[in-house]
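Given the sequences, and given the hints that come with them, work out the whole structure.
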Amino acid sequence: MQSDTVQKYSHQYWMYEALGFAKNHYKSEVPVCAIVVKENKLISCGLNLTEDLNDSTAHAEIIAIREASKTLSNWRLNNCILYCTLEPCSMCMGAILNSRIPKFVFGAYDQIAGACGSRLNLAYELEKEKQIEIIGGVCELECAELLKDFFINKRLTI
Numbered sequence: 000m001q002s003d004t005v006q007k008y009s010h011q012y013w014m015y016e017a018l019g020f021a022k023n024h025y026k027s028e029v030p031v032c033a034i035v036v037k038e039n040k041l042i043s044c045g046l047n048l049t050e051d052l053n054d055s056t057a058h059a060e061i062i063a064i065r066e067a068s069k070t071l072s073n074w075r076l077n078n079c080i081l082y083c084t085l086e087p088c089s090m091c092m093g094a095i096l097n098s099r100i101p102k103f104v105f106g107a108y109d110q111i112a113g114a115c116g117s118r119l120n121l122a123y124e125l126e127k128e129k130q131i132e133i134i135g136g137v138c139e140l141e142c143a144e145l146l147k148d149f150f151i152n153k154r155l156t157i
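Counting with this note's numbering, you get residues 0 to 157 for the letters of the sequence shown.
Treat the hints with care, as some may be off.
Derived DEER-like restraints, expressed as beta-carbon distance ranges [said to hold, decoys possible]:
hint : residue 1 : residue 2 : range
1    : N39       : S117      : 24 to 32 Å
2    : S117      : E38       : 17 to 25 Å
3    : P101      : S27       : 16 to 24 Å
4    : K7        : Y123      : 27 to 35 Å
5    : Y123      : N77       : 33 to 41 Å
6    : E139      : Q6        : 16 to 24 Å
7    : D54       : S9        : 30 to 38 Å
8    : N152      : R99       : 33 to 41 Å
Please keep in mind that the hints were generated in silico from the structure rather than gathered at the bench. We put the CB at the ideal spot given by N, CA and C, even for glycine.
Structure representation (structure tokens):
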């Protein structure tokens, strides 16, 4: 999966980890994965479960944040980095900001619902852009290709 040129614990390294989880996820769910990392250790992993749970809030980011909070016994995820294969929607971006995650890294941009600049910039709108560092487009092509393939296959089975 990962090339030998990807430095361990780089943003690309962790995004490839998230991509690996997303690729092995259920075929009924949009293959989005979010992981929380603290001090170069994987704390939690969230995958979209909206279809399986019939829950519109069961996005990968929300699940990863909930699991990280449980693992760390703290809702404040200071000193953590959240990686996600897709730019978050406004609901997920709100959760990211409220959990005090200081750095968020995502892969593919979401021109329809992206809340980190593609459609709107929630951190800017809420005047919290100085509280979080946002890095977009990490492994963008690979993340976008996974989503594109999923939706092509989904249309072919309808």
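Hints, one by one, checked against the model:
no.	hint	verdict
1	N39 <-> S117: 24 to 32 Å	29 Å, holds
2	S117 <-> E38: 17 to 25 Å	30 Å, violated
3	P101 <-> S27: 16 to 24 Å	34 Å, violated
4	K7 <-> Y123: 27 to 35 Å	33 Å, holds
5	Y123 <-> N77: 33 to 41 Å	22 Å, violated
6	E139 <-> Q6: 16 to 24 Å	18 Å, holds
7	D54 <-> S9: 30 to 38 Å	33 Å, holds
8	N152 <-> R99: 33 to 41 Å	38 Å, holds
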